[in-house]
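For any residue, its number in the numbering used here is found by taking its place in the sequence shown, counting from 1, and adding 1358.
Hints are not guaranteed to be accurate.
Across the chosen pairs, the derived CB separations fall in these ranges [as the list claims (entries may be wrong)]:
id, residue 1, residue 2, range
1, 1395, 1362, 23 to 31 Å
2, 1362, 1396, 29 to 37 Å
3, 1377, 1409, 14 to 22 Å
4, 1367, 1399, 16 to 24 Å
5, 1397, 1422, 13 to 21 Å
Hints were generated in silico from the structure; no laboratory data involved.
From a predicted model like this one, the values you see are computed outputs, not experimental measurements.
Ideal Cβ positions, reconstructed from N, Cα and C, are used throughout, including at glycine.
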Amino acid sequence: MDNRDILAAFALMDRDGDGYVTRDEFFAHYQNEGRQPHDIIAMFDTLDSDGDGMIVKHEVQAARDRI
1359 MDNRDILAAF ALMDRDGDGY VTRDEFFAHY QNEGRQPHDI IAMFDTLDSD
1409 GDGMIVKHEV QAARDRI
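Throw the hints in and build the complete structure from the sequences for me.
Here it is, written out as structure tokens:
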């Protein structure tokens, strides 16, 4: 997944366009894809590296770089 793909996915999840993805936005996006709730929560917690309850673009990009 390149940077454009990450930014496009982020924009889809950021439903209100405020620049960050909340747990509710993240959960709604992945629940619609048929993911299990415990998996969604684990993914969110992994991406939310500072633990503030929101995911910002640089957190997603940093997670991709770690993979």
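Exercise for review: Give me the numbers of the hints this structure contradicts, sorted from smallest to largest.
Suggested key: Of the numbered hints, all hold.
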